[in-house]
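Trainee: Sequence:
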Amino acid sequence: MKKLFSMITVFLLAITMVACSDETDETINDLEAQISELQATNQALETQNSDLESAIQLYEDAEMDVIFTTKTIDLEGHETAIVLAFNDDQDITLKAVAKGFFNADITESEYGAFVNTMNDMNLPYGSYIAIYENDEPSSVGIDDLVIDDGDVFEFRVVWWDVIQYEVYETLHLFIDNHLDDYISTSYIDYNVFLGCQGLCDDVLTDEEIELYLNGLTLSTTQDYFKAMMIANHLENDSLLQTYQTALYSNASTGPYGQTAMTMIALDHTNPDFDYSTFIDDAMVYFASTTPYDEGLDTGGLDLVALSPYLDSQATQDLVDAYVTWIQSEQLPSGGIKTRDVMWNDTTYPGTENAASISQVIIGLIAVGVDPTGDELTVGFNNLITRLLEFHLDDGSFDWDLTDEIENDLLFSTPQAFLALSTYYHYVNSYGEITHLYN
Numbered sequence: 001m002k003k004l005f006s007m008i009t010v011f012l013l014a015i016t017m018v019a020c021s022d023e024t025d026e027t028i029n030d031l032e033a034q035i036s037e038l039q040a041t042n043q044a045l046e047t048q049n050s051d052l053e054s055a056i057q058l059y060e061d062a063e064m065d066v067i068f069t070t071k072t073i074d075l076e077g078h079e080t081a082i083v084l085a086f087n088d089d090q091d092i093t094l095k096a097v098a099k100g101f102f103n104a105d106i107t108e109s110e111y112g113a114f115v116n117t118m119n120d121m122n123l124p125y126g127s128y129i130a131i132y133e134n135d136e137p138s139s140v141g142i143d144d145l146v147i148d149d150g151d152v153f154e155f156r157v158v159w160w161d162v163i164q165y166e167v168y169e170t171l172h173l174f175i176d177n178h179l180d181d182y183i184s185t186s187y188i189d190y191n192v193f194l195g196c197q198g199l200c201d202d203v204l205t206d207e208e209i210e211l212y213l214n215g216l217t218l219s220t221t222q223d224y225f226k227a228m229m230i231a232n233h234l235e236n237d238s239l240l241q242t243y244q245t246a247l248y249s250n251a252s253t254g255p256y257g258q259t260a261m262t263m264i265a266l267d268h269t270n271p272d273f274d275y276s277t278f279i280d281d282a283m284v285y286f287a288s289t290t291p292y293d294e295g296l297d298t299g300g301l302d303l304v305a306l307s308p309y310l311d312s313q314a315t316q317d318l319v320d321a322y323v324t325w326i327q328s329e330q331l332p333s334g335g336i337k338t339r340d341v342m343w344n345d346t347t348y349p350g351t352e353n354a355a356s357i358s359q360v361i362i363g364l365i366a367v368g369v370d371p372t373g374d375e376l377t378v379g380f381n382n383l384i385t386r387l388l389e390f391h392l393d394d395g396s397f398d399w400d401l402t403d404e405i406e407n408d409l410l411f412s413t414p415q416a417f418l419a420l421s422t423y424y425h426y427v428n429s430y431g432e433i434t435h436l437y438n
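Numbering follows UniProt numbering, in which position 186 of the sequence shown is assigned residue number 186; successive positions increment by one, without gaps.
Worth flagging that the hints you see were computed from the coordinates, not collected in a lab.
Predicted model only: the values in this text are computed from it and were never measured.
Glycine residues also receive a C-beta, built at the ideal position from the N, C-alpha and C atoms.
Treat the hints with care, as some may be off.
If you anchor each label on the Cβ, the simulated ranges turn out as follows [what the hints assert, rightly or not]:
1. V140 to D293: 55 to 63 Å
2. G215 to N270: 42 to 50 Å
3. S184 to P124: 23 to 31 Å
4. D206 to T402: 40 to 48 Å
5. S429 to Q222: 23 to 31 Å
6. E235 to Q313: 38 to 46 Å
7. Q241 to V341: 37 to 45 Å
Given these sequences and hints, build the entire structure.
Mentor: Below is the structure:
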């Protein structure tokens with residue numbers, strides 16, 4: 001409680017300092033919104049504490065022998081608490097309390113009981129439920145805990161995997177600080193829209209999304225690809241069908257992702273017409289212009305396009321050549337550089353940048369290759385740990401760590417969000433998910 005009060009005081013001081021330094025109204029509004037949220041949280045905690053104190057008083061008045069408190073605390077710090085009491089002649093266990101009052105899912109084994117989840121709390125890969133007794137980690141399992149008068153037990157979701165924690169926190173920093181800039185009635189970034197699956201609350205209604213899409217002027221393959229990735233999530237598929245027909249009527253293979261985007265858009269939106277002729281043409285294109293030839297970014301997108309066709313040895317060979325290249329060129333940092341580019345007799349050196357690393361991650365996961373696997377780890381570094389080094393405290397991403405530009409909100413940030421979201425879903429489905437374009 002004191003911590004919350006001090007945080008509110010800090011934000012009030014921040015508003016005063018901002019006003020004195022003539023900062024923007026937007027910054028002040030953001031701080032005021034955070035204060036309002038903290039005050040609401042503080043009020044909720046005060047109400048909960050008051051209720052708990054009242055319950056304790058009732059049990060004391062009833063002269064119960066043992067009065068104790070049990071809480072659950074999820075990843076966001078949300079608490080659910082209850083005060084219970086029993087007399088010495090009753091046999092009450094913490095396991096029974098967890099099952100009866102917190103809907104605990106508990107696995108019994110020869111090593112004791114293991115708490116899988118409680119109250120349907122989000123428990124991502126890399127985290128577990130730890131038991132605390134009177135603010136100290138319990139040294140025994142739930143079977144062996146003895147309840148004494150005045151005890152406070154907490155079931156907290158904590159992280160054991162530092163990398164998974166950083167991925168989760170980075171995703172939610174972006175959601176908290178930037179989501180409204182990428183998904184609104186006036187603009188929808190398809191990377192962020194896809195990355196939000198299973199992570200973000202619904203920002204827009206289907207009607208608002210349709211209104212936005214209907215206001216677009218579509219002409220290029222990229223235009224249709226982006227619109228179809230968004231329209232694929234609408235209940236009403238009439239708009240999607242219009243896009244499918246328009247895209248296919250002008251479909252042709254080509255560089256810079258044109259072939260891959262057309263394949264993805266058709267393969268993952270289930271058209272009701274036969275488009276196999278284009279797929280045949282695309283496979284001929286990839287045989288001569290391979291993912292390796294097209295480089296990090298387009299090559300990563302190519303892998304997503306080829307992922308439904310891995311039962312073909314020719315397709316698998318194309319994928320293997322790209323993956324082998326990534327493995328052989330991976331830097332000690334865990335990242336990878338783009339190739340040097342020649343233009344008018346001038347060589348522009350390749351860069352290790354967040355946008356390219358993101359597209360490589362998405363492509364690898366699409367074909368079932370773990371971007372943190374042993375063959376893609378250099379020392380303790382891999383593509384995921386390297387991408388995380390590009391993220392800033394507000395959830396945005398830098399493009400190049402060696403330049404003077406602080407962040408890249410246009411390309412690297414939305415692409416990195418999609419890459420980390422794809423990885424998050426990948427590890428939490430134990431490799432079952434391939435990509436989020438579907």
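Trainee: Taking the hints in turn, state whether each one holds.
Mentor: Status of the hints after comparison with the structure:
Between V140 and D293, the C-beta spacing of about 60 Å keeps the proposed range 55 to 63 Å intact. At roughly 25 Å, the beta carbons of G215 and N270 sit outside the given window of 42 to 50 Å. The hinted window of 23 to 31 Å between S184 and P124 holds, with their beta carbons roughly 28 Å apart. Between D206 and T402 the CB atoms are about 43 Å apart, so this pair conforms to the stated range of 40 to 48 Å.
The supplied range of 23 to 31 Å is met by S429 and Q222, whose beta-carbon atoms lie about 29 Å from each other. For E235 and Q313, the Cβ-Cβ distance of about 39 Å falls inside the hinted range of 38 to 46 Å, so the restraint holds. At about 40 Å, the beta-carbon gap between Q241 and V341 stays in the expected band of 37 to 45 Å.
Violated hint: 2 only; the structure is consistent with all others.
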